[in-house]
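Using the sequences and the hints, build the whole thing.
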Amino acid sequence: MSAAAALSALPGRKSILAPPSKAADTAFYALTFAMAITVLALVLIVGVELFRGAQASIHSFGWRFFVGANWDPVNNDFGALPFIAGTAVSSILGTAIALPLSLATAIFLTELAPAWARQPVSTLVEMLASIPSVILGLWGIYVMVPWLHDALFPLLKRYFGFLPIFQGPIGGGYCMLSAAMIIAIMIVPIITSIAREVFRAVPDSQRDAAYALGATHWEATRLAVLNASTRGIFGAAMLGLARALGETMAVTMVIGNRPGFSASLFAPGSTLASTIANEFVEAVSDLHLSALFELGLALLLVTIVINLLARLLLGALGRKTRLGL
Amino acid sequence: MTSQPQTSPNTENPQPVATAQPRPTPGPDQPTFEVQGLNVWFGERQVLFDICLRVQPKAVTAIIGPSGCGKTTFLRCLNRMHELSPGARLEGRVRLLGEDLYARQVDPTLIRRRVGMVFQKSNPFPSMSVADNVTIGLKLNGVRRKSLLQERLEQTLRMAALWDEVKDRLQANALSLSGGQQQRLCIARALAIEPEVLLMDEPASALDPQATAKIEELVLQLRRQLTIVIVTHNMQQASRISEITAFFYAGKLIEADQTKKLFTNPSHQQTEDYVTGRFG
Amino acid sequence: MNDLHHQWRKAKNWIVSGLCFACALMVLLPLGLVVFHLIRMGASSIDWAFLTQLPNRAGEPGGGMANAIVGSLILISLAAAIGIPVGVLGGIYLAEYASDRRRASIRFAADLLNGTPSIVWGIVVYALVVRPMKGASAYAGGLALALIIIPLVIRTTEEILQLVPNGHREAALALGIPKWKGIVFIVLKTARQGILSGALLACSRVAGETAPLLFTAAGNDSWSRKLSEPIASLPRQIYDFAIGPYDDWHRQAWAGALILMMVALAINVTVRILMRGSSLPSGQMTQM
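So the protein lines, in turn, are chains A, B and C.
In this text, residue positions in the first sequence follow the numbering used here: the first is 1, and each later residue adds one.
In this text, residue positions in the second sequence follow the numbering used here: the first is 1, and each later residue adds one.
In this text, residue positions in the third sequence follow the numbering used here: the first is 1, and each later residue adds one.
By construction, these hints were calculated from the structure, which means they are not laboratory data.
Careful, some of the hints might be misleading.
Said to hold, decoys possible - Covered, in the sense of this in silico footprint (three residues per stretch, anywhere, with C-beta under 8 Å from a C-beta of chain C), are these stretches of chain B:
#: 1; region: 79 to 86
#: 2; region: 89 to 102
#: 3; region: 113 to 123
#: 4; region: 188 to 199
Unchecked claim - Residues of chain C placed beyond 12 Å of chain B at every Cβ, according to the derived structure:
#: 5; residue: Ser44
#: 6; residue: Asp100
#: 7; residue: Pro132
All C-beta atoms, glycine included, are put in the ideal place defined by N, C-alpha and C.
If you want it as structure tokens, here you go:
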């Protein structure tokens with residue numbers, strides 16, 4: 001049958017198609033819209049519930065909550081400073097440890113690695129990210145901390161013991177430094193991944209210009225890529241820090257869980273998240289619970305601020321990547 | 001596929017704004033499309049100026065002109081696809097067989113069933129087989145009877161001169177076909193829902209000469225039953241397959257006339273410059 | 001050009017390259033060690049008894065984590081049943097309907113939520129569900145996990161839908177197909193592997209979450225007869241046993257951890273295989 005003959009064999013022009021339903025279109029739009037709006041609602045809900053729960057504590061302590069050093073459930077006196085300090089120290093130190101390693105890995109992956117090695121190494125780094133916190137904590141308790149306690153900490157004490165951070169008894173090894181190290185392990189993947197994006201964003205023409213001047217591979221990387229990426233690197237570090245702030249399980253399992261201050265990294269400590277995890281279920285009083293809510297609120301606000309800062313530093317890249325993952 | 005407004009062409013005799021009517025049109029048939037005073041914008045930028053054109057039924061009307069002159073935009077106004085672009089705005093009247101296309105109560109979905117479209121870059125649905133691609137328009141518009149779907153599948157594939165080449169692999173993924181075959185598949189897909197008009201936006205521009213020849217042959221066969229409006233940047237193609245040709249330039253319709261006349265004895269200097277290759 | 005200086009520059013190049021390579025290895029070392037120890041300490045403990053028995057009383061060696069495994073499955077199912085449809089539909093809105101401004105604000109909110117520490121979700125659901133219900137429950141735990149899934153899946157769905165070339169949408173509309181049918185039957189179909197991958201990865205992520213469950217689902221030494229009761233979960237059980245006083249508990253914690261890790265790994269591998277068959281580039285899909 002030729003094309004023309006086939007055409008003339010078509011039945012009459014009356015349409016066999018069903019009339020479209022405007023209602024279905026509107027209904028689907030409404031459904032998807034409603035589902036999308038839930039995230040806006042959730043943001044509100046989180047804020048409201050934390051605030052409401054923290055009301056009693058806010059009312060009782062006001063600003064003293066954040067500078068008070070005494071966390072005393074028995075006497076209903078709550079000051080969050082030890083946990084704020086603990087969170088700050090463990091997270092910042094963890095980020096400081098992770099940052100150079102992540103950057104070096106990112107450089108390796110974007111600039112220096114042979115083509116066949118890139119995918120496998122990058123896949124492995126991603127796998128590191130998929131280890132659940134509690135499993136890393138388990139490994140931390142029974143493998144990492146014993147090793148730190150037996151091998152690394154004595155070394156640090158021997159050669160750097162003059163520094164106040166390395167003074168004091170090593171104890172069981174469940175301490176701030178262990179927490180910082182386990183945090184570092186957990187945030188390396190995200191810093192590496194963002195840093196890779198930052199480096200990839202540097203146009204090849206920059207690298208070419210450096211090579212044309214006779215630079216070696218490393219010199220070209222330093223001149224063209226690293227110099228241009230300072231803001232991005234800070235942004236990546238911020239994202240790592242934001243992630244570090246929220247780590248709960250692995251940190252709780254190796255930090256020693258003793259509220260208090262110490263200049264020594266070998267001393268046990270607590271973070272905002274670990275305290276909430278440890279005390280929430282068995283809160284002694286309503287005020288205690290409210291104080292824990294306020295800890296949660298503080299944690300959330302700090303995390304949001306750091307995330308926003310990171311987003312700012314990363315510019316367009318920050319809007320593209322899924323932050324906080 | 002935005003139309004860039006061109007700067008004023010350097011002609012010796014500036015022409016008044018074009019409101020060309022095709023002349024003389026054969027037959028007393030009601031024109032399929034009657035476009036009057038069509039002005040089109042993308043946001044603040046106007047891309048079509050006061051277009052007036054009649055498209056004759058059961059004939060091929062070719063739209064030619066240099067890149068960016070508004071050909072594709074014009075085409076997309078004929079099946080209400082233009083309004084999908086962000087910031088799209090339109091004034092004027094477009095009538096399909098006497099009905100105002102842009103009247104308030106008109107459902108664009110219904111219009112698009114009557115006015116089909118084939119795109120410049122063939123776009124068969126990748127997650128579906130050849131057969132599913134052809135029948136998807138019918139299925140999603142309520143046709144369920146398997147026998148009818150099967151019948152229409154074969155008919156439209158024959159109409160698109162594709163049946164013999166794919167009849168043994170109807171269940172193969174659509175992307176396994178060659179470029180030219182994919183485009184003919186898209187034509188079959190458009191034909192399956194029985195449109196009255198087929199709009200074609202440079203359908204062969206990405207294809208090799210052999211595939212192009214097949215498409216042109218197809219157009220010549222189809223025009224006996226359908227009205228066809230085809231945008232093309234290939235003047236030889238326009239002269240081969242169309243009865244009426246409309247020449248667009250910088251968003252204005254310069255001239256529309258019987259193809260032979262437009263190419264051999266155009267009325268406007270600009271048209272002559274373009275068809276003789278002095279610019280473009 | 002000073003030849004010695006040139007040699008030094010070349011040497012520096014090699015040193016730095018070596019350092020970067022060493023750092024990459026150092027970064028991967030914990031991964032290797034964790035997997036190694038999981039297998040070494042846990043593999044021998046996984047047997048039929050472990051998978052099917054309830055935990056023994058405190059101090060008694062032996063027993064299993066059957067309730068924890070089933071509990072996790074229940075919690076993930078609850079979370080997925082709520083979270084994935086909401087996330088996918090929300091992602092459809094973002095990619096197909098939203099104006100630029102709305103899209104930006106919803107994306108921003110989703111990103112904020114994605115950056116929320118997971119323990120905060122536990123607190124919120126405690127206030128919303130556990131306190132009114134006067135007790136922990138599987139419902140609460142499932143909800144907490146669902147709230148983690150929603151902003152995640154919204155973003156992954158949106159990203160993958162944006163990769164679908166616009167030509168498909170136009171072709172569908174040009175066929176006179178209503179917009180919603182075009183989205184559901186054509187665009188979604190094209191993107192189905194990507195969307196499924198995003199959903200699976202989200203499930204894998206919440207499978208390992210402990211903090212949000214601590215005071216929502218809590219834990220259970222035995223089977224939960226109703227969803228309104230506290231329910232055991234694998235991460236919670238691992239945690240309890242890991243910090244507990246008995247060596248036998250520690251042994252079981254390793255076994256449970258190995259199971260959890262294998263599940264996460266299985267899902268990740270499935271996702272990679274899925275994405276290979278997709279017609280869309282997978283991009284950052286596997287980064288969670």
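We went through each hint and held it up to the structure:
1. Residues of the region 79 to 86 of chain B with a Cβ under 8 Å from some Cβ of chain C number 3, which satisfies the need for three, so the listed coverage holds.
2. With a cut-off of 8 Å between beta carbons, the region 89 to 102 of chain B has 0 residues touching chain C; three or more are needed, and the interface restraint is violated.
3. Remark: the region 113 to 123 of chain B is confirmed as covered by chain C, as 7 of its residues place a Cβ nearer than 8 Å to a Cβ of that chain, reaching the required three.
4. With 3 residues carrying a beta carbon less than 8 Å from a beta carbon of chain C, the region 188 to 199 of chain B meets the three-residue requirement, and the given coverage holds.
5. Every beta carbon of chain B lies more than 12 Å from that of Ser44(C), the smallest distance being close to 46 Å; the non-interface claim holds.
6. The non-interface label for Asp100(C) is inconsistent with chain B: the shortest C-beta to C-beta separation is roughly 9 Å, within 12 Å.
7. Under the 12 Å C-beta cut-off, the non-interface status given to Pro132(C) relative to chain B holds; the minimum distance is some 45 Å.
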